[in-house]
Amino acid sequence: MSEFMLNEPITVALPAVMDLKAAGPLAENLSGFRGMPLNLDASGVEKVGAQCVQILMSVAATWKDDMAPIALVDPSPQFRTGLALLGLTPEAVMEKEITR
Amino acid sequence: MDAMEEIRQTFFEECAEQLAELEAGLLAIENGEADSDTVNAVFRAVHSIKGGAGAFSLDELVAFAHIFETTLDELRSNRLDASETVLKVMLRSADALADLVSAARDGGNTDKEKNEALAGELRALVALAKGEEPPAAGAPAASSSSVEYDDGMGDFDFTPVAVDLSELMGDMPGNRFRILFRPHDRLYAKANEASRVIRDLLELGVGTVHCDSSEVPLLPHLDPEGAYLNFTIELETEHSEEKIREVFEFVEFDCELMIEPMEGPIVRQEIDLEGIDPEIAALLSRVSGGEDFNFGSDAFGALEGNDESGEAEDGSEEPNEDLAALLKTASEAESVSDIMAAVAEREPKEEASAEAPAPKAEAAPDKSAETVKAPKAETEKASASAPSPGQTIRVDLERVDRLIDLVGELVIHQVMLSQRAYQAGLARASEVAVGFDELEQLTREIQDSVMAIRAQPVKSVFQRLPRLVREVADISGKSVKLVTEGEWTEVDKTVIERLADPLTHMIRNAIDHGLEKPEDRLAAGKAEEGTVKVAAMHRSGRIVIEISDDGAGINRKKVKEIAGNKGLIPPDANLSDDEIDNLIFLPGFSTASQISQLSGRGVGMDVVKRSIQALGGRVSITSKPGKGSTFTMSLPLTLAVLDGMIVSVGEQTVVVPLTAIIETLQPKKDEVKGFGGDSRLIQVRDAFLPLVDVGRELGYSWEPASATEGVAILVEAENGSRSALLVDAIQGQRQVVIKSLEANYGRVPGIAAATILGDGRVALILDVDAVVATSRVDQSSFFTGMQQAAE
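Each protein sequence line maps, in turn, to chains E and G. Going by the UniProt record's numbering, the residue at position 3 of the first sequence is 3; the numbering climbs one at a time, nothing skipped. Going by the UniProt record's numbering, the residue at position 560 of the second sequence is 560; the numbering climbs one at a time, nothing skipped.
Calculated from the structure, these hints are not laboratory results. Don't be surprised by glycine CBs; every beta carbon is placed ideally from N, CA and C. A hint or two may mislead.
Said to hold, decoys possible - The calculated label-pair distances, taken between Cβ atoms and stated as ranges, are:
{"no.": "1", "chain 1": "G", "residue 1": "Glu-438", "chain 2": "E", "residue 2": "Ser-31", "range": "58 to 66 Å"}
{"no.": "2", "chain 1": "G", "residue 1": "Glu-33", "chain 2": "E", "residue 2": "Glu-97", "range": "38 to 46 Å"}
{"no.": "3", "chain 1": "E", "residue 1": "Pro-69", "chain 2": "G", "residue 2": "Met-258", "range": "38 to 46 Å"}
To be verified - Here chain G is said to cover these stretches of chain E; the calculated rule only asks that three of the stretch's residues, wherever they fall, bring their Cβ under 8 Å from a Cβ of chain G:
{"no.": "4", "region": "32-41"}
{"no.": "5", "region": "78-87"}
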């Protein structure tokens, strides 16, 4: 992988249905991009459940820990309202940090 | 099996339980035996099915469950009377729901047209309850795709953008609670969703949600299916704590929950409107006065057609209703312009109603505050007093069976061990012998306990009957009432499973052949509605199930004629009434001159009889002309163990089931009389009973055994008739583990099963009724029977 590509954020589209079934594959998929600048595209999300949300938070914290850039882009209204029911916003998800 | 498939399977298992609960509840309501708990249980059953189905995107099931649930909610709120008509629709809906569940599970098809028609009937009931015009057939609402449903996460595109009605109506009076909700991972594993629970909670009032994500670990340490998020919900509601707890009813064992009352106002959480369709946002701003957007119950209620929004007690109901209607329009509208048009149309009306709220309130006197509130209070009280369910676990049946097998082996070895010890000269009074006795007692207790795990009330089979009866009655054009008795009678699960088929067939038979047509019943001076009664009871260590009808009884002349024509009996046979009745169990016998859809082609009562015999059971019939017939099935309580008397016959050891034995006696010479041919009778006190030579019946010897040298065992058959079995000697009495002879060898007439004795030898377990019955038939037909069985 070239230097150029490492500096360019990779955009990963989040699945439309982020439920229990999607949790395992999502964690595995995103783990594969560890250390790379990442844009999580939430424009196509139609449903989001708590387990996928906690994966996104863990991903955000992990990327920050690695000092790799990460962003959540273009959140769909359904994604926002799904997060709102869990007391969260897209910003709050990305702000997740883990202090050790 | 992957995790998802397991969850799916659990969901369908739970569906089966909920469907049973649903039907039982509806039948209780129909019989006037229901209280508010029953109605709540019925509602919960449908609600749970809907919730689970949503998680698996079973849209058709969800859509139907939704309208069914809505109707049940009307019933629960006493807005809909539990009339006969209403309950008929409900029962048919329960059947349809069961079909949809089956189709979802097995991938089959359902009768969409029928379900749609039924959904239409349910909608009409809801409209009736709400005092509205019933929706016209074929109206848009009648299409299943337009039925609103929620899967807990799905319909977020509009619903959660709720409006804080306090902006319109002033502060909602109410209680404030802080709810700490900590889901466990098993909550998710059971296809529940935290956001669905929170949403249900917010439907109760206005609130804020705070998420604690401090437990979320870094990605390498994260279990994708774990539970790391905890939630604090501050809720302002007019409902009680009990109502809040109801929301957690289905997840209460899968989360930590703390509900505490709180002081002071709730700081409201705003939803960021960015990203929501600007036109819809503008519309909502106009409705709410451009202020806070918040989670509020009434907006949810309005969107889902939930009547709770109509509970306001004064004139403030008006803007609420208008808003509800408006939001409903918005949710159903296909385009934003439709919504805008609706707003434009409503604006002047809002003013008018604000000016003169009183006349409109008078115009709807039926919905006074008292009448709306009273049932609700009752519901809450009932839910508060509802007992918490007993804790249960699900265990794979195979594991239980394995345990039962092992305990069976334990019993055999315990017997073998003690027998060998005594053979080796162990004194009966020694401490070791006492220890053996205690071990035996303990083994027996373990065995009883293991058996109890498998024992189930026959209710699970009986529950399927009302539907069967309804369907068969419909097809046959007869009016039938089903009466069940003894549904809590317990019997081994294996027996229950194998009971369903013969029972189903016998009930079909009772309705199709037993009961007369309505006009014939009326002509005979009977009620138009026929009765089929199914009763279960324990009798002499067996379970007896009686299926009786109040039909015309068996037409013996016709039965005999048919049996004669088909060569089943000699034309000139002289048969008792009982014997004629039993002809219907002969293979190849069918009285239906036209093969009906119900009784099927050629599947006669002989099949029923064979399947019951295969279970170690028997079936008999009694019939009174004009009064009806009764089929009696008698089955062992368990197929695993048996208390038996061990006897010697010839060179063999045979086990006689203890349940059949009344007493044993040593025949004296003058008590035994010859009775034509080789038959003998024995005088027992004032009665003469047939003396059955067991050795001869089983083919162990050709010569009749000497009565005075043997022992007579008095037995009672299922039909109550008594006989004496002549055996050589009695060895003892003990519990034996039943090993199927059919599964390991083949069916042998006169033998029910086999067992392994303490010395390792195989002993046969006698089928007392069969031996007694065959002793009445001459030798040639006995062997014919053996030949047939072997074939």
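Hints violated by the structure (listed by number, smallest first): Result: hints 2 and 4 break, sorted rising.
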